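Listed below are the residues making up each chain.
4 protein chains.
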Amino acid sequence: MNTRDKNGRVSFRWFDYIIQALIILSLISFALETLPDLSPQYKDWLRVFEVGTVIIFTIEYFLRIWISRPRGSYVVSFFGIVDLVAILPFYISSGIDLRSIRIFRLLRLFRLLKFARYSSAMQRYHRAFMIAREELILFGFTALIMFYLSSVGIYYFENEAQPETFASVFHSFWWAVATLTTVGYGDIYPVTVGGKVFTFFILMVGLGFVAVPTGLFASALSSAREEIKEEKG
Amino acid sequence: MNTRDKNGRVSFRWFDYIIQALIILSLISFALETLPDLSPQYKDWLRVFEVGTVIIFTIEYFLRIWISRPRGSYVVSFFGIVDLVAILPFYISSGIDLRSIRIFRLLRLFRLLKFARYSSAMQRYHRAFMIAREELILFGFTALIMFYLSSVGIYYFENEAQPETFASVFHSFWWAVATLTTVGYGDIYPVTVGGKVFTFFILMVGLGFVAVPTGLFASALSSAREEIKEEKG
Amino acid sequence: MNTRDKNGRVSFRWFDYIIQALIILSLISFALETLPDLSPQYKDWLRVFEVGTVIIFTIEYFLRIWISRPRGSYVVSFFGIVDLVAILPFYISSGIDLRSIRIFRLLRLFRLLKFARYSSAMQRYHRAFMIAREELILFGFTALIMFYLSSVGIYYFENEAQPETFASVFHSFWWAVATLTTVGYGDIYPVTVGGKVFTFFILMVGLGFVAVPTGLFASALSSAREEIKEEKG
Amino acid sequence: MNTRDKNGRVSFRWFDYIIQALIILSLISFALETLPDLSPQYKDWLRVFEVGTVIIFTIEYFLRIWISRPRGSYVVSFFGIVDLVAILPFYISSGIDLRSIRIFRLLRLFRLLKFARYSSAMQRYHRAFMIAREELILFGFTALIMFYLSSVGIYYFENEAQPETFASVFHSFWWAVATLTTVGYGDIYPVTVGGKVFTFFILMVGLGFVAVPTGLFASALSSAREEIKEEKG
Numbered sequence: 586m587n588t589r590d591k592n593g594r595v596s597f598r599w600f601d602y603i604i605q606a607l608i609i610l611s612l613i614s615f616a617l618e619t620l621p622d623l624s625p626q627y628k629d630w631l632r633v634f635e636v637g638t639v640i641i642f643t644i645e646y647f648l649r650i651w652i653s654r655p656r657g658s659y660v661v662s663f664f665g666i667v668d669l670v671a672i673l674p675f676y677i678s679s680g681i682d683l684r685s686i687r688i689f690r691l692l693r694l695f696r697l698l699k700f701a702r703y704s705s706a707m708q709r710y711h712r713a714f715m716i717a718r719e720e721l722i723l724f725g726f727t728a729l730i731m732f733y734l735s736s737v738g739i740y741y742f743e744n745e746a747q748p749e750t751f752a753s754v755f756h757s758f759w760w761a762v763a764t765l766t767t768v769g770y771g772d773i774y775p776v777t778v779g780g781k782v783f784t785f786f787i788l789m790v791g792l793g794f795v796a797v798p799t800g801l802f803a804s805a806l807s808s809a810r811e812e813i814k815e816e817k818g
Numbered sequence: 586m587n588t589r590d591k592n593g594r595v596s597f598r599w600f601d602y603i604i605q606a607l608i609i610l611s612l613i614s615f616a617l618e619t620l621p622d623l624s625p626q627y628k629d630w631l632r633v634f635e636v637g638t639v640i641i642f643t644i645e646y647f648l649r650i651w652i653s654r655p656r657g658s659y660v661v662s663f664f665g666i667v668d669l670v671a672i673l674p675f676y677i678s679s680g681i682d683l684r685s686i687r688i689f690r691l692l693r694l695f696r697l698l699k700f701a702r703y704s705s706a707m708q709r710y711h712r713a714f715m716i717a718r719e720e721l722i723l724f725g726f727t728a729l730i731m732f733y734l735s736s737v738g739i740y741y742f743e744n745e746a747q748p749e750t751f752a753s754v755f756h757s758f759w760w761a762v763a764t765l766t767t768v769g770y771g772d773i774y775p776v777t778v779g780g781k782v783f784t785f786f787i788l789m790v791g792l793g794f795v796a797v798p799t800g801l802f803a804s805a806l807s808s809a810r811e812e813i814k815e816e817k818g
Numbered sequence: 586m587n588t589r590d591k592n593g594r595v596s597f598r599w600f601d602y603i604i605q606a607l608i609i610l611s612l613i614s615f616a617l618e619t620l621p622d623l624s625p626q627y628k629d630w631l632r633v634f635e636v637g638t639v640i641i642f643t644i645e646y647f648l649r650i651w652i653s654r655p656r657g658s659y660v661v662s663f664f665g666i667v668d669l670v671a672i673l674p675f676y677i678s679s680g681i682d683l684r685s686i687r688i689f690r691l692l693r694l695f696r697l698l699k700f701a702r703y704s705s706a707m708q709r710y711h712r713a714f715m716i717a718r719e720e721l722i723l724f725g726f727t728a729l730i731m732f733y734l735s736s737v738g739i740y741y742f743e744n745e746a747q748p749e750t751f752a753s754v755f756h757s758f759w760w761a762v763a764t765l766t767t768v769g770y771g772d773i774y775p776v777t778v779g780g781k782v783f784t785f786f787i788l789m790v791g792l793g794f795v796a797v798p799t800g801l802f803a804s805a806l807s808s809a810r811e812e813i814k815e816e817k818g
Numbered sequence: 586m587n588t589r590d591k592n593g594r595v596s597f598r599w600f601d602y603i604i605q606a607l608i609i610l611s612l613i614s615f616a617l618e619t620l621p622d623l624s625p626q627y628k629d630w631l632r633v634f635e636v637g638t639v640i641i642f643t644i645e646y647f648l649r650i651w652i653s654r655p656r657g658s659y660v661v662s663f664f665g666i667v668d669l670v671a672i673l674p675f676y677i678s679s680g681i682d683l684r685s686i687r688i689f690r691l692l693r694l695f696r697l698l699k700f701a702r703y704s705s706a707m708q709r710y711h712r713a714f715m716i717a718r719e720e721l722i723l724f725g726f727t728a729l730i731m732f733y734l735s736s737v738g739i740y741y742f743e744n745e746a747q748p749e750t751f752a753s754v755f756h757s758f759w760w761a762v763a764t765l766t767t768v769g770y771g772d773i774y775p776v777t778v779g780g781k782v783f784t785f786f787i788l789m790v791g792l793g794f795v796a797v798p799t800g801l802f803a804s805a806l807s808s809a810r811e812e813i814k815e816e817k818g
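Chains as they are written, first to last, in the working numbering: chain A, 586 to 818; chain B, 586 to 818; chain C, 586 to 818; chain D, 586 to 818.
It is worth saying that the hints were derived from the structure and are not from the lab. Treat the hints with caution; some may be incorrect.
As the list claims (entries may be wrong) - With beta-carbon atoms standing in for the labels, derived distance ranges:
#, chain 1, residue 1, chain 2, residue 2, range
1, B, Glu-811, C, Phe-647, 57 to 67 Å
2, C, Ala-746, D, Val-633, 56 to 66 Å
3, B, Glu-811, D, Gly-725, 30 to 40 Å
4, A, Leu-648, C, Phe-755, 31 to 41 Å
5, D, Val-661, C, Glu-719, 19 to 29 Å
6, B, Ile-813, A, Phe-755, 35 to 45 Å
7, C, Glu-811, A, Phe-786, 49 to 59 Å
Said to hold, decoys possible - SDA-like mimics (lysine to any residue), calculated; alpha carbons at most 20 Å apart, straight line:
#, chain 1, residue 1, chain 2, residue 2
8, D, Lys-781, D, Ala-752
9, D, Lys-817, D, Ile-716
10, D, Lys-628, B, Tyr-741
11, D, Lys-814, D, Ala-706
12, A, Lys-628, C, Ser-753
13, D, Lys-814, B, Glu-635
14, B, Lys-814, A, Leu-729
15, B, Lys-814, A, Glu-812
16, C, Lys-781, C, Gly-791
17, B, Lys-781, C, Thr-619
18, A, Lys-814, A, Leu-729
19, A, Lys-814, B, Lys-814
20, C, Lys-628, D, Ala-752
21, C, Lys-781, B, Leu-617
22, D, Lys-817, D, Met-715
23, B, Lys-817, A, Leu-729
24, D, Lys-628, D, Ile-613
25, A, Lys-628, C, Phe-755
26, D, Lys-814, C, Arg-810
27, C, Lys-781, A, Val-633
28, C, Lys-814, D, Glu-812
29, A, Lys-817, A, Met-715
Stated by the list, open to error - Incomplete in silico selection of chain C near chain D, CB under 10 Å:
#, residue
30, Pro-625
31, Tyr-627
32, Asp-629
33, Trp-759
Just so we're clear, the structure is a prediction, and the values are computed from it rather than from any experiment. By construction, the Cβ of each residue, glycine as well, lies at the ideal position given by its N, Cα and C atoms.
Take the sequences, apply the hints, and build the full model.
Okay, here's the thing in structure tokens:
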């Protein structure tokens with residue numbers, strides 16, 4: 586029996602494995618297409634492969650519609666929509682100029698989401714997320730406030746010294762993103778004493794800032810494990 | 586009933602939602618004003634919007650005073666002060682040169698704090714903070730000592746090789762901030778062998794350093810959840 | 586008795602300590618050999634030391650075979666293979682051109698793995714890993730999807746503005762690695778407004794991303810401790 | 586009564602507060618001395634302040650010896666040694682050339698450790714540390730192995746392409762430090778495809794690497810809290 590397709594009845598495991606392999610190959614092929622110095626010959630091969638996979642995915646799509654009970658339930662299910670979205674851009678883009686509509690091909694990446702069907706550990710993640718949901722929303726709110734205040738603060742400290750890099754609060758926001766997440770690319774950083782002292786205080790809070798989602802998740806996952814254990818035992 | 590205003594009796598939900606939307610719009614408008622290449626026309630529009638919101642916030646302020654029981658309790662409450670501080674800079678700044686007093690407009694950002702009224706998950710955060718308070722203070726102390734010792738240490742290693750970037754212990758402190766928080770902008774880093782080895786040892790401790798607030802929060806939040814559960818059940 | 590060698594019967598602690606010291610020294614000696622401005626004299630000394638250690642390790646290897654009961658069990662055991670791999674490259678490389686085969690000497694580093702034998706805390710790590718295994722695999726999957734989607738996304742935003750640095754999805758993948766792990770070298774970063782906004786959203790998710798393995802491990806280790814306690818008590 | 590000095594009997598709180606304030610001031614004064622463009626007048630003032638504080642600390646030291654019961658116990662206690670070390674460099678350095686012996690003045694920073702006396706939350710930290718000690722040592726070992734293997738690996742990938750920055754395994758070690766701790770200064774990073782792919786895999790493990798001490802501490806602190814609760818209740 587197929588473990589993946591709740592609606593289907595007569596599909597086989599090996600068919601699913603082949604489809605999964607094709608999805609991965611088509612994703613790699615998509616990445617290869619973006620290589621700048623690709624020879625026309627390779628481009629043709631990649632195009633042929635693309636056409637081939639889309640044909641297979643289309644056949645797969647209609648097969649799934651046909652075997653689903655009640656018929657049509659698959660079309661409106663989550664994976665039915667994902668599967669459709671994964672092949673539709675190909676048919677829409679053909680005939681029209683490829684370059685302009687190319688961005689829609691990004692949607693093909695949703696095929697990857699198919700992998701999500703395969704896991705049982707997902708449940709614990711989901712439970713942990715539900716436990717921490719309110720705290721997460723609150724954290725998101727506080728994070729946005731912090732990003733805003735940091736941006737405005739550093740703007741006042743650095744705008745005069747670096748009118749190009751800290752040109753507006755929006756430019757400063759980019760600094761806040763790179764700093765509070767501790768990425769620190771190095772394209773934008775304070776140079777004034779005031780800006781540096783401000784950064785120190787912002788980062789002291791920011792350390793705690795990064796700590797919150799981690800702590801939240803750790804605590805929620807422990808609770809989730811206990812709850813599931815109690816329910817089962 | 587209004588969930589937000591404990592003192593008010595005759596206020597309505599939709600009124601609050603409009604005020605909240607206006608706060609967000611005025612925050613965005615404030616950020617837009619800082620854009621360097623703004624046309625005078627746009628500036629005028631933003632100014633008009635600013636005057637409009639301040640008038641509405643002022644009316645809101647007096648309405649809240651009027652409906653609060655006992656009358657005047659709102660004025661001395663936390664949100665009464667925040668609401669006043671959010672509109673006062675406008676009246677103080679008008680008439681005087683705008684550029685010099687501009688920094689006071691930062692206080693308008695406190696309007697954002699209004700959002701804090703809306704959350705129930707806050708309680709768990711608060712409880713977790715109370716549980717970990719002593720450890721947090723101790724951690725803050727240790728962090729300051731570590732920042733100081735790191736600054737002095739790297740100063741001795743790097744001052745001779747880079748007299749400009751590591752000019753004093755204060756300059757080295759900026760390095761300590763960027764390094765121990767793992768931001769690493771790249772504007773200041775050790776070049777001598779001694780400085781690099783020192784950085785290695787500092788960062789080995791620093792890894793644990795970043796770990797402490799996270800672990801603290803995770804552990805405290807778990808305890809907070811259990812305590813609240815026991816109290817309720 | 587030797588705590589390390591389950592198969593051996595007549596080995597002594599001090600012998601093991603000498604071997605461990607030799608392993609560390611040979612690792613340092615290996616690193617020293619890579620120094621660019623090494624005088625020929627030093628190179629000779631390092632070579633002599635290398636030959637000496639390999640001879641001792643070879644004698645040790647045959648001694649271990651000889652004392653293991655049932656004889657030969659050591660040869661097929663994990664550490665038997667590691668010990669062989671640690672000395673084999675020396676015999677294979679001698680006679681053939683050293684420079685080309687030099688990369689095999691990397692295998693000598695496996696000697697370090699010998700240290701792994703010494704710890705009892707390993708068990709708790711192992712248990713925690715087993716508890717979190719499914720979640721870890723799922724996290725790895727999600728991480729790969731996220732890396733892929735981030736790479737493709739930033740490619741569309743930045744390819745036109747920076748055709749050199751964001752030349753293909755593969756180049757963008759390098760950006761995703763440096764950004765989502767918050768390393769942020771600064772050799773590749775977005776410059777367009779779209780790319781920066783995209784990075785903000787990616788990093789907001791990325792903060793949670795970094796949080797997952799930490800929270801997972803913290804929660805799993807707590808469970809592991811409880812389980813071991815219950816089993817023993 | 587003085588809460589700090591277990592050996593003393595007739596000391597007063599206000600005296601301790603003044604000493605603590607003096608310690609902080611002398612630490613700031615020490616940092617100020619390193620400022621490059623300090624006028625000679627300021628330097629004189631700082632020197633006078635330094636002499637003044639050392640005299641007070643010396644008097645304090647002898648007072649503490651005098652009031653300690655049994656007499657002399659303070660001299661051999663931890664804080665007795667710290668207090669002595671904090672003033673001794675001043676007497677040793679005077680008369681000899683100041684510049685060369687300047688590094689010993691670093692020891693004056695140990696005065697800061699006095700702050701450690703003041704906390705009760707320390708106990709929970711200590712307990713958590715004891716619980717996680719074995720895991721921490723094992724983690725330290727694994728970390729060192731990982732640093733070594735990463736350094737050697739990247740050396741083979743990058744040495745040819747960047748013979749200056751990745752000149753030896755030791756130079757590569759500096760890269761490993763900046764990368765695995767996610768600091769990422771940007772002074773050293775891979776440029777070859779192999780090196781970048783290697784970095785990706787190293788960082789995937791490295792994400793877990795950073796996760797371990799955090800999770801360890803979170804789990805240990807939760808256990809410590811429970812243990813202390815059980816002992817008290």
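How the hints compare with the structure:
At roughly 58 Å, the beta-carbon separation of Glu-811 (chain B) and Phe-647 (chain C) lies within the given 57 to 67 Å, and the hint holds. For Ala-746 (chain C) and Val-633 (chain D), the Cβ-Cβ distance of about 59 Å falls inside the hinted range of 56 to 66 Å, so the restraint holds. One distance hint, 30 to 40 Å for the beta-carbon pair Glu-811 (chain B) and Gly-725 (chain D), holds here, with the actual separation near 32 Å. Judged by the Cβ atoms, the range 31 to 41 Å given for Leu-648 (chain A) and Phe-755 (chain C) holds: they are separated by roughly 34 Å.
Distance hint check: the CB atoms of Val-661 (chain D) and Glu-719 (chain C) are about 56 Å apart, inconsistent with the given range 19 to 29 Å. Take Ile-813 (chain B) and Phe-755 (chain A): their Cβ atoms lie about 41 Å apart, and the range 35 to 45 Å holds. Checked against the hint of 49 to 59 Å, the pair Glu-811 (chain C) and Phe-786 (chain A) fails, with Cβ atoms roughly 39 Å apart. Between Lys-781 (chain D) and Ala-752 (chain D) the CA atoms are separated by roughly 17 Å; this keeps the pair inside 20 Å, and the hint holds.
For the suggested pair Lys-817 (chain D) and Ile-716 (chain D), the alpha carbons sit about 18 Å apart, so the restraint of at most 20 Å is met. For a cut-off of 20 Å, the pair hint linking Lys-628 (chain D) to Tyr-741 (chain B) stands: about 19 Å separates their Cα positions. The straight-line distance between the Cα atoms of Lys-814 (chain D) and Ala-706 (chain D) is roughly 14 Å, inside the 20 Å bound, and the hint therefore holds. A distance of roughly 14 Å separates the Cα atoms of Lys-628 (chain A) and Ser-753 (chain C); the hinted pair therefore holds under the 20 Å criterion.
Between the alpha carbons of Lys-814 (chain D) and Glu-635 (chain B) the distance comes to roughly 56 Å, so the proposed pair goes past 20 Å and is violated. Between Lys-814 (chain B) and Leu-729 (chain A) the alpha-carbon distance is near 30 Å, which puts this suggested pair outside the 20 Å criterion. Our distance criterion of 20 Å between C-alpha atoms is met by Lys-814 (chain B) and Glu-812 (chain A), whose separation comes to about 13 Å. Among the hinted pairs, Lys-781 (chain C) with Gly-791 (chain C) is consistent with the structure: their alpha-carbon atoms are about 14 Å apart, no more than 20 Å.
Restraint check: the Cα-Cα separation between Lys-781 (chain B) and Thr-619 (chain C) comes to about 18 Å, which is no more than 20 Å; the hinted pair holds. Distance hint between Lys-814 (chain A) and Leu-729 (chain A) is unfulfilled; the C-alpha atoms sit about 36 Å from each other, more than 20 Å. For the hint linking Lys-814 (chain A) to Lys-814 (chain B), the alpha-carbon distance of about 17 Å falls within 20 Å, and the restraint holds. Of the supplied pair hints, the one linking Lys-628 (chain C) and Ala-752 (chain D) holds, its CA atoms being roughly 16 Å apart against a limit of 20 Å.
Distance restraint check for Lys-781 (chain C) and Leu-617 (chain B): the Cα-Cα separation of roughly 17 Å lies within the 20 Å cut-off, and the hinted pair is therefore satisfied. Pair hint Lys-817 (chain D) plus Met-715 (chain D) holds up; C-alpha atoms about 19 Å apart against a cutoff of 20 Å. Of the pairs offered as hints, the one joining Lys-817 (chain B) and Leu-729 (chain A) is violated, with about 32 Å between alpha carbons and a cut-off of 20 Å exceeded. Among the hinted pairs, Lys-628 (chain D) with Ile-613 (chain D) is consistent with the structure: their alpha-carbon atoms are about 13 Å apart, no more than 20 Å.
For a cut-off of 20 Å, the pair hint linking Lys-628 (chain A) to Phe-755 (chain C) stands: about 16 Å separates their Cα positions. The suggested pairing of Lys-814 (chain D) with Arg-810 (chain C) holds, with an alpha-carbon distance near 17 Å, which does not exceed 20 Å. Distance check on the hinted pair: Lys-781 (chain C) and Val-633 (chain A) sit about 35 Å apart at the alpha-carbon level, beyond 20 Å; violated. For a cut-off of 20 Å, the pair hint linking Lys-814 (chain C) to Glu-812 (chain D) stands: about 13 Å separates their Cα positions.
For a cut-off of 20 Å, the pair hint linking Lys-817 (chain A) to Met-715 (chain A) stands: about 19 Å separates their Cα positions. The interface hint given for Pro-625 (chain C) is violated, since its Cβ lies 17 Å from the closest Cβ of chain D, which is over the 10 Å cut-off. The criterion of a C-beta within 10 Å of any C-beta in chain D is not met by Tyr-627 (chain C), whose closest approach is roughly 13 Å, and the hint is violated. The restraint placing Asp-629 (chain C) at the interface with chain D is violated, with a minimum CB-CB distance near 18 Å, outside the 10 Å limit.
Because the beta carbon of Trp-759 (chain C) sits about 5 Å from the nearest beta carbon in chain D, less than 10 Å, this interface hint is met.
Consistency note: the structure conflicts with the earlier hints numbered 5, 7, 13, 14, 18, 23, 27, 30, 31 and 32.
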